[in-house]
Structure formats: C-alpha cells, structure tokens
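Novice: Chain A is already provided as a structure; the job is to place chain B on it using the hints.
Chains A and B, in that order, give the protein sequences. Here the first sequence stands for residues 1 to 429, where the numbers follow the working numbering. Here the second sequence stands for residues 1001 to 1132, where the numbers follow the working numbering.
Careful, some of the hints might be misleading.
[What the hints assert, rightly or not] Okay, derived cross-link-like pairs now, SDA-like style, lysine to any residue, Cα gap no bigger than 20 Å in a straight line:
no., chain 1, residue 1, chain 2, residue 2
1, B, K1047, A, K332
2, A, K332, B, D1007
3, A, K156, B, P1016
4, A, K240, A, A397
5, A, K156, B, V1008
6, B, K1047, A, K240
7, B, K1112, A, V141
8, A, K156, B, D1007
9, A, K156, B, I1018
10, B, K1112, A, Q363
11, A, K332, B, K1112
12, A, K240, B, H1009
Please keep in mind that the hints were generated in silico from the structure rather than gathered at the bench.
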Amino acid sequence: MKTAKRGKKAKRGIFPRAKRVRHLLWLVAPGLIVGSAGNDAASIGSLASAGALYGHSVLWALLLALVFSVFIQDMCVRIAVGTGKGLIEHARERFGIRVGFTYLLGLLTVNFATIVAQIAGMAAGLELLLGSLGLYTPYVVLSPILAFSVWAFLLKKGYSPVERIFSVVSLTLLAYVAVAFMAKPSPEAVAAGTFWIVHKPTPDYLLFSAAVIGATISPYMQFYLTSALVDKGVKLKDLKLGRTGSVLGITVSGIEAFAIVVVTATVLHPLGITVDTPRDAALALFPYLGAATFILFSIGFFASSVIGTGVVVSSSGYAFGEFFGVERGLNKKVAEAFHFYLTFTACFIIGYAVLLLGVTPIQAMVYSMVISFIFSPLVMLLILTTANSRELLRDAANKMHFRAAGWLIFGVLLVLDAFLISTFLAGLF
Amino acid sequence: MSAYRFDVHSLAVVLPFIILITTGLTASALTLTENSYTASAGGFTVKAWWDGDHADLRVKTSPEASLPARLEVLEPDPEKPGTYRPSPRVWGATTLNSPGETILIHGVSTSKELLVIISTEETEFRFEVNLD
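So here's chain B without its partners, still in its complex pose:
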C-alpha cells in the first residue's frame, strides 16, 4: 500500500498519465459530438458518429414509419471516384420490421462519408452522411 503514498516518485509516475487520460476523455467527447450526423425522414431517424477509426450508425424507426423497410449502407468506392459501393463491413441489406425498432451497427464503415438508403414500398429515403 505504501506504493500509493503520494511521494515525489509516485507523483512523477501517476500525474502525466492522469493528465493524458483526462485530455483523451475530453478529446473523445469532442470527437463524438463534433463528428456526428443526425437527420430524420419518413419516420426514420438516422444518427451516425465517428468513433476514432470507424463510423457507428443508429437507425430509429418511429411508429408512423411505413414498414417493412430495407436499410442499405453505401460508402465511396476508392477505385471509382464519385460512385458508391456497399460497405464491406455490413452484411448486405438489413430489414426494418417493427415500429419503435432501433438498429445499431458498430463499425459500419471506415469512411467518414456514407450514403444510407432506407427503401419502403412507396418511397426511398437517402441520407448523405458526412462525419468530417
């Protein structure tokens, strides 16, 4: 326990790390709030965050949304500029079935630009996400 007496040595070891961790937590909070995107259309709310090295995506379905709906996530194709390809981190398309349902996809893409498409029987909603 004497290792925890705050002598000069302990302070020299502990203090820089505490300062860095505090800075890190502040920077993390800023990243999550600054590099985020929220938009709603047709009863669907799309929220995305930049989480350090990947984007996380959350899609909320409200009771008035027309269901079932198909959710697709596309990212810019690095080989063909100006075009999009399905994100290799999402296994194809996901179906939204129940009102009030929330889908959370971790690591949806490593790109900060995303195109989220929600297609119902009547309409197609396009969300152009930019997390920069």
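Bound-form chain A, shown alone:
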C-alpha cells in the first residue's frame, strides 16, 4: 500500500507542480509588466506633482483609477482569452477598415508621443542614478545610448527572456514603497485622503485629481495586455489565472503609485515645494530624505521607463500587425514579422528624433497625456462593446455587474475627458 502510494507520488513528482507554477508566472507576467509600465515617467511626474501640490488629498482619485483599471484590464483579459484576437483586430473586423484605421492611428499617435517621454525618462533616471554614484553622464549622451540598447535588447532577446527580465525589474519599483516608509507619513492623513475628499473641490484641484486618474489609465496598456495574451495563445481555461495576473499587476502598480503620492505629499507639500517631473521630485527629495532615497527613487524611475518603452513599442508593433493581418511578435524573426519590427523601430526612431529636435521631456509628457486623455474613452468603448458581446466571447463575456460597471466607468471617463480637454484648451487661448 505504502509502495503504491510512494509510486503514485513519484509518478506525479514535483515537476507538475513546478510546471503549474511556471504556467502561473507565464500568465501573470503580462499583467505585472503592464502594471509597472503604467507607472511610467509621465505618470510619476503627474503623481509626484499632485502629491506635492495637494498633499494626501488626491489619493481618493488614485484609488478610483485603480478600481477602474481592474475592470478595464479584466475585460482585456476576457477579450484575449475569449476570442484570441487583439483590440485593433476587433475594431477592424467589427466596425470596418475606417474605424479600425482610426484606432490604429490613435494608438500610434499616443505611442509616438509616449515613447518620447519614456526615452527621456530612462535617460534622466539613469543620469540621476549614475550621478548619485559619482559618475557624471550627461542626459543627452544617455538618451541615444539607452534608446539603442533597449531596442537591441528587445530585438535580440525575443519575447520570453524580455518578459522574465521585465517581470523581475518591475519588482524593483517597490523601491518607491521603501521611500514612502522612509518619509514617515501620517497613517491618519493617508487614510483620510484615500477614502474621503478632504480638499475643497476647486477647479485646479479637480484638474489634478482628473490628471491622476488619466495618468493611471493609459490606452497602450490595454492594447499591449490583450495582444501579449493573444500572442501567448491563452485559452478559456486560462481566464482565471489571466485575470489574477491583471489584478496582481494593478495592485503592485497601485501600491507604487500610492507610495509616490504619499512621499511627495509628506515631504514636499508641507514645505510648499512643487515639482513637474520625476527628476524634479528626486532632486527635491534628496536634502530631506537623503542619498538612499534619491538612489531608490532613481532606480524606480529608470526601471519603469525601461519597461514602459518595451510595452509602448511592442503595442505599436502588435497593433500594426493586427490591422494588416501580418505576422507579429517579438519571438518572430525580422524577415518573418518585418512590419512588426518596422513599426517597433519606427517608434524608437520617432521618439528619439523628436527629443533630438529639442522637444523637452516635460513637453513630451504633457502631449502624451493630453492625447491619451482624448483617446481613452474611445478605447474604453471598444473594449466594453467587445467584452459585452456573448456572440464573440461566449463564456468569457462580461456578466451583468461587469457590464454595468463598464458603462459607469465609460461615463466617468467621458466626463473627465471633456473637463480636461476644455481646461487644456482654455489654458491655450
């Protein structure tokens, strides 16, 4: 009996469990990567700026954005699992070539603007990090070197190693949490700002709160998550794990985003110091929290920009491939997926060329966020109508409560969009 039991155990062995863990990590990785990419240079700039200006009182907006992200990304997982097609492919097939092309054009425009901020973010993060170690390396030299290195790394390594490395790197962003603890925030102030609107709702305050929500929900994240899961060939049985990965990614990125706001709200807000970019935030925090904080902040800022770069360029390549129905994916050879790599490289070329022409990172961040805001409700509409379709998704389709939540989120994003665009236009004239 004992021998039979041992035999059965030996037959099952430890390998199936290891295989299951590998499968779990394999499914969780895109969610984790997307979550970390969400905290890119533009987002860190907005979060740090909001925390420095309005203290903990913007945390409720962040919580709301994270709840929205859970629902939106859950629908992306459902679409990938239920149909095996990316969002651009759905836009083209369901609404025709013109609508599909509009979505492709919209995504590429957002991505071209975002990649400028990502390349600038990588260079600024590494410049600060090396500077803190006593190695002066100018930002203008680092930006082409880093753009080339990340491009070559993605091209050479292929999807799987890049995904593994990015997943590990994304955990370094927890450096922000360490920084937040070093700042010794007041738990009461954090709780009050998270669960209640403690600030008088002035137009400027609402604008910053809206910017925090907009910064947390970037369209390229949804396109990337859907396409990356489709590229993996996920099946209906993977739905639960895929959803878990998405929630895990949002939770981790949410903790990081909270930490960024908490640290600037605790340290800079009482002193009346305002910041616009992650570089400003790192420099402003240095005298109060010391060199360790400065190094941790720079690591986080650099790592998120590297991951963000990979996600933005990959989502562009996937989108192009989906629209034209050509081969795509970082696992393919250049000759096999030529158009994918061409779009992917064009993203880097445009991003770096724009920086070279003298557009400053802060301008790039503002443009990428404004274009993202305009595009977000359209993306939400595509996701929602697709994920609601029982005909397309069958068992993976949205249930009643998800449909209701989805339409509510769409309504809020639409109002937010109108508010932000009108404020932005009013500022221009």
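Specialist: Quick look at chain B alone, frame taken from chain A:
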C-alpha cells in the same frame, strides 16, 4: 540568431536607427561642447553645460581658495524681467568647505542663463553664465 543575418529586411529595420543614433551622439557631443561655460576666480572654477533640457553645474575649489565659501545659484525670474531668483532646483545655498572639493549639481536650472555667486568672508565672486 538568424534574425541577425543581414538580409534586406534586417537592414531596412536596423540601418535607419543606427544612422539616427550616430547623428544623435554627434549632436549630443556638439551640444555639450558648444553650449558650455568655464570661468575661474579666487581659486574657484565654475563649469556649466546645457544638457538637453537643463543645465548642469560643476564648481571646483583649488587649494588657494579662501574657505569656507557659500555657493548660490540664481536664475532669471520670469515674472520680474531683469531680476534673478534662487533656482528652485537647488536646495538653498551650498557651503564649500574643503580645498580640492568638487561640487556637481545635476539639473541646476532649466534656464540657459544663470548667476552663480560664491561668497567668501572677504569677497563675493559673481559668474554670469550663458549657455546659448
């Protein structure tokens, strides 16, 4: 590895980017050398570069400099033309204490015009930096 065989497709993807990066590195080198400033007075050497979107500043103290000295960085106040304000990117003034000390301040300002003031007990040295 076959992705790295230089077929026409690979060349079409790789070549434009290589050309751009080479141009970028050349332009960066030119920016750093052309838009820079160096001056010395009273044993203090002030060097500044325009690094794309911000100025970086390095102050070297020679053994003959009178110490301690106070380093202040001012930039033009956009609200009051013709006047200067402390750079919001530098946390107040910095003290130079040791001979041979070098202070490097990243992102000292987003302005190409700076006024660097080094005050010792006896004298005040003013460096009017223009990185254009």
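Novice: Does each hint fit the structure? Answer for all of them.
Specialist: Verification of the supplied hints:
no. : hint               : result
1   : K1047(B) x K332(A) : violated, 49 Å
2   : K332(A) x D1007(B) : holds, 15 Å
3   : K156(A) x P1016(B) : holds, 17 Å
4   : K240(A) x A397(A)  : holds, 13 Å
5   : K156(A) x V1008(B) : holds, 17 Å
6   : K1047(B) x K240(A) : violated, 59 Å
7   : K1112(B) x V141(A) : holds, 19 Å
8   : K156(A) x D1007(B) : holds, 15 Å
9   : K156(A) x I1018(B) : holds, 15 Å
10  : K1112(B) x Q363(A) : holds, 17 Å
11  : K332(A) x K1112(B) : violated, 46 Å
12  : K240(A) x H1009(B) : violated, 40 Å
Hints 1, 6, 11 and 12 from the earlier list are contradicted by this structure; the remaining hints agree with it.
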